[in-house]
Amino acid sequence: MGIVAGLDSSSESTRIVVCDTDTGAVIKQGYAPHPVGGSGDVDPQAWLMSLGEAAEGGLLEGVQAIGVSAQQHGLLALDAGGVLVRPALMGNDKRAQSAAADLTEALGGRTAWAQAVGAVPTASQPVAKLRWLARSEPDSAHRVAELMQPHDWLVWQLLGRPMRRTTDRGTASSSGYWSAANGSWRPDLVQLALGHQVRLPEVIDPADAAGHTPEGLLISAGTGETMAAAFGLGVGVGDAVISLGASGSVFSIHHEALADPTGTILSYADATGMHLPVVHTLNAVRTLRGTAELLGTDLDGLSALAMKSTPGSYGLVLLPYLEGERTPHLPHTAGSLTGLRRESMKPEHLARASFEGMLCGLADALDVLRGRGVQVRRVFLLGPAADLQAVRAIAPALLGVQVVVPQPADYAALGAARQAAWALGVSHGTQSPHEPPRWPAAASQIFEPGEELPVGQAVRQQYVAVREQTHPGAFEPGAFESGTVESGTVEPGAQETVGQAAGGGYEAGGYEAGGFETGGFETGGYETGSGHDHGATGGYGAM
Numbered sequence: 001m002g003i004v005a006g007l008d009s010s011s012e013s014t015r016i017v018v019c020d021t022d023t024g025a026v027i028k029q030g031y032a033p034h035p036v037g038g039s040g041d042v043d044p045q046a047w048l049m050s051l052g053e054a055a056e057g058g059l060l061e062g063v064q065a066i067g068v069s070a071q072q073h074g075l076l077a078l079d080a081g082g083v084l085v086r087p088a089l090m091g092n093d094k095r096a097q098s099a100a101a102d103l104t105e106a107l108g109g110r111t112a113w114a115q116a117v118g119a120v121p122t123a124s125q126p127v128a129k130l131r132w133l134a135r136s137e138p139d140s141a142h143r144v145a146e147l148m149q150p151h152d153w154l155v156w157q158l159l160g161r162p163m164r165r166t167t168d169r170g171t172a173s174s175s176g177y178w179s180a181a182n183g184s185w186r187p188d189l190v191q192l193a194l195g196h197q198v199r200l201p202e203v204i205d206p207a208d209a210a211g212h213t214p215e216g217l218l219i220s221a222g223t224g225e226t227m228a229a230a231f232g233l234g235v236g237v238g239d240a241v242i243s244l245g246a247s248g249s250v251f252s253i254h255h256e257a258l259a260d261p262t263g264t265i266l267s268y269a270d271a272t273g274m275h276l277p278v279v280h281t282l283n284a285v286r287t288l289r290g291t292a293e294l295l296g297t298d299l300d301g302l303s304a305l306a307m308k309s310t311p312g313s314y315g316l317v318l319l320p321y322l323e324g325e326r327t328p329h330l331p332h333t334a335g336s337l338t339g340l341r342r343e344s345m346k347p348e349h350l351a352r353a354s355f356e357g358m359l360c361g362l363a364d365a366l367d368v369l370r371g372r373g374v375q376v377r378r379v380f381l382l383g384p385a386a387d388l389q390a391v392r393a394i395a396p397a398l399l400g401v402q403v404v405v406p407q408p409a410d411y412a413a414l415g416a417a418r419q420a421a422w423a424l425g426v427s428h429g430t431q432s433p434h435e436p437p438r439w440p441a442a443a444s445q446i447f448e449p450g451e452e453l454p455v456g457q458a459v460r461q462q463y464v465a466v467r468e469q470t471h472p473g474a475f476e477p478g479a480f481e482s483g484t485v486e487s488g489t490v491e492p493g494a495q496e497t498v499g500q501a502a503g504g505g506y507e508a509g510g511y512e513a514g515g516f517e518t519g520g521f522e523t524g525g526y527e528t529g530s531g532h533d534h535g536a537t538g539g540y541g542a543m
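Per the numbering used here, the sequence shown starts with residue 1, numbered consecutively.
No lab work stands behind these hints: they were computed from the structure.
Note that the Cβ used here is the ideal one computed from N, Cα and C, for glycine as well.
It cannot be assumed that every hint is accurate.
[Claimed, not checked] So the derived label-pair ranges between C-beta atoms look like this:
no., residue 1, residue 2, range
1, Thr-23, Gly-273, 30 to 36 Å
2, Pro-384, Asp-102, 36 to 42 Å
3, Gly-301, Gly-62, 43 to 49 Å
4, His-332, Gln-197, 35 to 41 Å
5, Gln-407, Gly-473, 28 to 34 Å
6, Gln-97, Pro-35, 26 to 32 Å
7, Ala-304, Gln-402, 21 to 27 Å
8, Ser-140, Ala-304, 50 to 56 Å
9, Val-237, Pro-162, 32 to 38 Å
10, Gly-52, Pro-408, 24 to 30 Å
11, Ser-140, Pro-472, 42 to 48 Å
Using the sequences and the hints given, assemble the complete structure.
Structure follows, in structure tokens:
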């Protein structure tokens, strides 16, 4: 038996788990908040202080290897001596919005960027922050000789700041100047953004060691937080993960990089040698919170109200675009509520419409992935909202697949620990570099669509019809071809079933044309629901 540690440095805190290399069992763990806020300009020394605090009390005694997971999209710009030229720019810093737009045009548009690096520049990406730095702080920009992201910098610090600088495919793919398709840096894009060339880290393979600390501890390649969470969960081909925060994110594992000129899909690399396409929505739990405030309750109360209604919410359809929307690309729109009739104007129907609207918006994101050939046979739901009874009851039939709700755990830290065990095993000759350790899957509850599937799909079709009428062409033709729901197609009898469930709130065909005008991967609180406890099988050859 060996002992390894995984640490996750998020925007707010550092979490450490110490695990058995053979079983993945958590032996002990540590936590410390970051002493400064996680947005805007941040002194990365705060991350080291937090790490030291989290590791107090001999937490790392006996540990043979450490894996590092960290927040993505941060930019650390160093001079020729390895000293920061300014505080780190973090991923949630939006000052680079105009710089991102300028860069998009400078290379020749969205298609050119999608083909180059699998993503169209956004304000969060380091490549856009470089353009912002060059324009807003030219003196600092002129001094930049080397670039890192948070995980790269932490690994470098743990190793004692050696001459060799490393990163992994996952973090590199978050930069905006590395091609997941070709597996190589694009220094020409750094030149385009910053105005001159710089040193970039060596991209090492998932099972490689970045090096050893002065004390002899092996440090694995490390990776970004999203990639580490996927690895910690054990998701693989056929799995999708939906993270329910104020906004939503949907990602899956795929065998190839996806170039999406619309910018809807961000094509990242994962922690195993595969690819990790991601689709974001702006409105997830914020939709529920807004509705709860309107109805004078909290999320638990909103869920209880929703369970008093029926599928289809008596004809109410909520398009949850409260902050504009990214998927579909409707940045300046607003949300809308349609289908109001006297019998539908009750709190429970509005409550259910908010859950159905949120989940249908996430189903749209899933269908974007399906439309590009990504297999989705089951969905993992993460975040505190996954514990709500209404989410668990409604999601399987609306999403059209098995839904897995893992019990709460620090999955990014677990993924980092699993990677450390992998690198340690490879270094000892006991583990293949092509097959990660087989750790038990997360204990989970499983929820099946069951006999509610036709009803759920009719509700989904109801939503699609209203969305298409309100925002025609919001998705390109064919976006839903590989999805569960195709425009204009409902399983025979399903529409009638929802109409009956809604108490006659609308007639079949009532939503035809003219019918109506209109981004932790730490899971949250967990309570036993109606599902069954399972180990969530799958992914990466694990479990």
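Here is what the structure says about each hint:
The given range of 30 to 36 Å is broken by Thr-23 and Gly-273, whose C-beta atoms sit roughly 24 Å from each other. Taken as a hint, the range 36 to 42 Å holds for the pair Pro-384 and Asp-102, whose Cβ atoms sit roughly 38 Å apart. At about 47 Å, the CB distance of Gly-301 to Gly-62 agrees with the hint of 43 to 49 Å. Checking the proposed 35 to 41 Å range against His-332 and Gln-197 shows it holds: the Cβ atoms sit about 38 Å from each other.
At roughly 42 Å, the beta carbons of Gln-407 and Gly-473 sit outside the given window of 28 to 34 Å. For the hinted restraint 26 to 32 Å between Gln-97 and Pro-35, the CB-CB distance of approximately 28 Å keeps it satisfied. The hinted range of 21 to 27 Å is satisfied by Ala-304 and Gln-402, whose Cβ atoms lie roughly 25 Å apart. Checked against the given bound of 50 to 56 Å, the beta carbons of Ser-140 and Ala-304, roughly 53 Å apart, stay inside it.
Judged by the Cβ atoms, the range 32 to 38 Å given for Val-237 and Pro-162 holds: they are separated by roughly 36 Å. With their beta carbons about 25 Å apart, Gly-52 and Pro-408 fall inside the hinted range of 24 to 30 Å. For the hinted restraint 42 to 48 Å between Ser-140 and Pro-472, the CB-CB distance of approximately 46 Å keeps it satisfied.
When held up to the earlier numbered hints, the structure conflicts with 1, 5 and fits the remainder.
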